[in-house]
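S.K.: Could you build the full structure based on these sequences and the hints that come with them?
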Amino acid sequence: AHSRLAALVAEEQGLSANLERLGGEARTLAERLHGLEEKATLLETQQGLLQRIEALESARGQLRDGEPCPLCGALDHPYARGNVPVADETREALERVRTELKTLRQQDTDLRVRRAQVDKDLERISRERQTQATALETWSTELVRHGKALATADPEWPGRLEALAGENADQLKVVASRIATVEADQTA
4 AHSRLAALVA
14 EEQGLSANLE
24 RLGGEARTLA
34 ERLHGLEEKA
44 TLLETQQGLL
54 QRIEALESAR
64 GQLRDGEPCP
74 LCGALDHPYA
84 RGNVPVADET
94 REALERVRTE
104 LKTLRQQDTD
114 LRVRRAQVDK
124 DLERISRERQ
134 TQATALETWS
144 TELVRHGKAL
154 ATADPEWPGR
164 LEALAGENAD
174 QLKVVASRIA
184 TVEADQTA
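Residue numbers (my numbering): 4 to 191.
Among the hints, a few may not be true.
Pair by pair, the computed Cβ-Cβ distance ranges are [to be verified]:
1. Leu36 / Ala179: 41 to 47 Å
2. Arg163 / Arg30: 53 to 59 Å
3. Val147 / Ala10: 21 to 27 Å
4. Ala166 / Asp124: 33 to 39 Å
5. Gly64 / Glu98: 26 to 32 Å
6. Ala29 / Thr190: 16 to 22 Å
7. Ala119 / Ala168: 39 to 45 Å
8. Ala179 / Arg30: 29 to 35 Å
9. Ala138 / Val116: 31 to 37 Å
10. Glu98 / Arg30: 24 to 30 Å
11. Ala9 / Ala168: 16 to 22 Å
12. Ala20 / Val147: 36 to 42 Å
13. Asp124 / Thr44: 34 to 40 Å
14. Thr31 / Glu98: 21 to 27 Å
No lab work stands behind these hints, which were simulated from the structure alone.
Quick reminder that beta carbons are idealized off the backbone N, C-alpha and C, glycines included.
M.R.: Next comes the structure, spelled out in structure tokens:
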């Protein structure tokens with residue numbers, strides 16, 4: 004039982020470290036997602052503006068240098084000279100960003116699944132650790148009870164039994180200390 008408890012504590016410490024690492028990955032991924040979502044929004048706005056400029060093609064054909072624009076009144080007509088911005092570059096950039104966003108969102112989903120699995124494993128270990136600690140305590144109590152019965156049959160047995168009970172209590176304290184350390188690390 005002692006070795007199983009120690010193994011559970013070690014496994015719990017490993018899972019806690021893994022959970023912390025996954026949390027760091029999640030924060031980094033969230034920052035990247037936020038940045039890409041902002042970039043996608045800007046590109047969508049830019050693409051909308053470029054589409055509006057393209058839509059005014061027929062009106063641009065009516066513009067004459069030195070004559071006021073019927074829409075804004077400007078005398079200079081830069082888009083009438085063939086300087087119309089091309090939406091293709093923006094469209095391609097937006098598609099690249101959307102593809103990357105899709106990939107990052109899938110990574111985010113996968114990361115959430117891994118974190119949930121680690122949480123589930125930590126809960127399982129906690130339950131098993133409690134079961135093992137209870138069993139160890141029960142066995143210690145039974146050992147003392149049987150030791151008293153043996154003391155009547157063997158006068159030297161109580162001294163040996165007390166030594167064994169002391170060792171058992173010391174080992175239980177070590178495990179309890181490890182458990183407290185792991186639980187403190189989990190809440191931090």
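S.K.: Determine for every hint whether it applies to the structure shown.
M.R.: Quick rundown of the hints versus the structure:
1. Leu36 / Ala179: 41 to 47 Å: Since Leu36 and Ala179 have Cβ atoms about 42 Å apart, the given range 41 to 47 Å holds.
2. Arg163 / Arg30: 53 to 59 Å: At 56 Å between Cβs, range holds.
3. Val147 / Ala10: 21 to 27 Å: holds (26 Å)
4. Ala166 / Asp124: 33 to 39 Å: holds (37 Å)
5. Gly64 / Glu98: 26 to 32 Å: holds (30 Å)
6. Ala29 / Thr190: 16 to 22 Å: holds (18 Å)
7. Ala119 / Ala168: 39 to 45 Å: Since the Cβ atoms of Ala119 and Ala168 sit about 42 Å apart, the hinted range of 39 to 45 Å holds.
8. Ala179 / Arg30: 29 to 35 Å: holds (33 Å)
9. Ala138 / Val116: 31 to 37 Å: Roughly 33 Å apart at Cβ, these two residues keep to the hinted range, so it holds.
10. Glu98 / Arg30: 24 to 30 Å: At roughly 27 Å between Cβ atoms, Arg30 and Glu98 fall inside 24 to 30 Å, so the hint holds.
11. Ala9 / Ala168: 16 to 22 Å: Distance hint for Ala9, Ala168 holds at roughly 19 Å.
12. Ala20 / Val147: 36 to 42 Å: With a Cβ separation near 38 Å, Ala20 and Val147 satisfy 36 to 42 Å, so the hint holds.
13. Asp124 / Thr44: 34 to 40 Å: Taking Cβ atoms as reference, Asp124 and Thr44 lie about 38 Å apart, which means the hint holds.
14. Thr31 / Glu98: 21 to 27 Å: holds (24 Å)
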